[in-house]
Structure formats: C-alpha cells, structure tokens
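> These protein sequence lines map, in sequence, to chains B and C. Here the first sequence stands for residues 903 to 999, where the numbers follow the numbering used here. Here the second sequence stands for residues 641 to 770, where the numbers follow the numbering used here.
Keep in mind that the hints are not guaranteed to be accurate.
[Claimed, not checked] With beta-carbon atoms standing in for the labels, derived distance ranges:
id	chain 1	residue 1	chain 2	residue 2	range
1	C	Arg724	B	Asp972	44 to 50 Å
2	B	Asp927	C	Glu730	50 to 56 Å
3	B	Lys994	C	His711	21 to 27 Å
4	C	Pro694	B	Ser955	42 to 48 Å
No lab work stands behind these hints, which were simulated from the structure alone. Please read all numbers here as calculations on a predicted model, not as lab measurements. For each residue, glycine too, the CB sits at the ideal point set by N, CA and C.
Each chain, letter by letter, is given below.
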Amino acid sequence: MTLHTINKTPTESSALNNCLASLSDGDALLLIENGVYAAMPGYAELFTRLPASVQCYLLGEDSSARGLNDLNPDFRSIDYDGFVELSCRYNKVVSWF
Amino acid sequence: MIFSIVVTGAPYSSQAADSALRYCKSLLKLEHQIHRIFFYADGVHNASELAVPPQDETNIPSEWAQLAEQHKLDMVVCIAAAVRRGVLDENEAGRYEKNSHNLTPPFVLSGLGQLVEAGIVSDRVVTFGA
Chain B
903 MTLHTINKTP TESSALNNCL ASLSDGDALL LIENGVYAAM PGYAELFTRL
953 PASVQCYLLG EDSSARGLND LNPDFRSIDY DGFVELSCRY NKVVSWF
Chain C
641 MIFSIVVTGA PYSSQAADSA LRYCKSLLKL EHQIHRIFFY ADGVHNASEL
691 AVPPQDETNI PSEWAQLAEQ HKLDMVVCIA AAVRRGVLDE NEAGRYEKNS
741 HNLTPPFVLS GLGQLVEAGI VSDRVVTFGA
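Extracted from the complex, chain B is given alone in its bound form (with noise of 0.2 Å):
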C-alpha cells in the first residue's frame, strides 16, 4: 500500500495521469502545493474511476494558501501532522512532481 502525492496540476504536467494510471487497491492519493488544484470540482471527472477503496486527501495549508473553497468532498483536507501520520501508515511514499 502506497501514499501517492502529487504536486502539480492535472494540467502543467503529466504526474497527475500518470500517479492515476499507476494506482492499486488500498493506495491512497495526497495533493500537494499545485496539486491542490486537482480537488476542484472541474477536475470531479478525472478521480469517477478510483477502486473504492483508494482514500484521497489534500493538504490543507495549501488549498487555503490559494484561496480554494467548495472543494472536490472525496478529499479530505489533512496538515503536515496528517501528512507524516499518513506517511507511517502507508509503506511507501512516491512523489508524483
């Protein structure tokens, strides 16, 4: 089980589509910085084909530090403590940037 992050927006790079390809069951997704932006509800479409059992999260610091609101609710919003607790809890951690 891997916590995936992502640190760009589904459109300045490619790292969105291609965590999504990758993604097995019980991984879970965290948007960072510029990821944030994925968890607008525009964006909605791109996460319709998760395994249920995928969790999604964002960085909260980050969506507010961008004036973000009425986000994407399959995201839950965590800060750097959730982060890290995320981090044991997964095996891995990859960087999608």
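Given the coordinates of chain B, work out where chain C should sit on it, guided by the hints.
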C-alpha cells in the same frame, strides 16, 4: 520511525524546499527520527550561504541550518550536482582554483552513495520534487 528526505527544488523557484522544511518540522515534533536530508539537482541551492531573501520572507537556507544545528541533522548535498551549479565548500573551491566558497555549515558535500545508504537504513524516504 526513521525517515530520510530528498529535496530536488531550489528555494524560491518551487515550493519543494518550503514543503520539505515544514514536513521535517512536523516529523521532529511527532518524535520521528530523521536519518538524513539529501539535496539533489536544483535542491543544492538550499545550501548556499550567499542567498539573501528579503527580510519579510522566510530565509530557507538559514532555516535548514538552524533546524540541523538544533536537532543534529545530517544534511548532505550531492557533490556532482553542487559543483556544476556553483555551490562549493572550501575543499572544492581549492580543487577547482576558485577564490570563494558558499556552502553553509552544517551542510556537507558528498556522493549519491549517501542517498542509497539512506534508503537502506530508513523506514521511509520522502521526496520533495520541483
């Protein structure tokens, strides 16, 4: 748990260095162990003593240095990535006949073997990419 961190972003060019710094502070607060922080590619600029950001902005190189002093962290800068980008310690400045050097202590220059060793020793390796 034992963590190692890889930083490949220069300060002020991307958010990578800032994110890595915040993540490391959280790790230490939650009483995890940081085995090594490895600065690679453009991440080597985090180690420059000569960075002078405006006073109302975070001074990322000095924040790293302070954190390392406080918690006795091993902060390794990839030597090949550093010298080609003009980040030198006194020894390398002498070797390449340069009349100045700019590596902030306690950063040290070393090789990729240190990253491999960090991967072997640590429970988790977390990369902050540019």
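> Against each hint, give a clear statement of whether it holds in the structure.
Comparing the hints with the structure gives:
For Arg724 of chain C and Asp972 of chain B, the hinted distance range of 44 to 50 Å is satisfied, since their beta carbons lie about 46 Å from each other. Roughly 52 Å separates the CB atoms of Asp927 of chain B and Glu730 of chain C, a value that falls within the hinted 50 to 56 Å. A C-beta distance of roughly 24 Å is found between Lys994 of chain B and His711 of chain C, which places it inside the suggested range of 21 to 27 Å. For Pro694 of chain C and Ser955 of chain B, the Cβ-Cβ distance of about 46 Å falls inside the hinted range of 42 to 48 Å, so the restraint holds.
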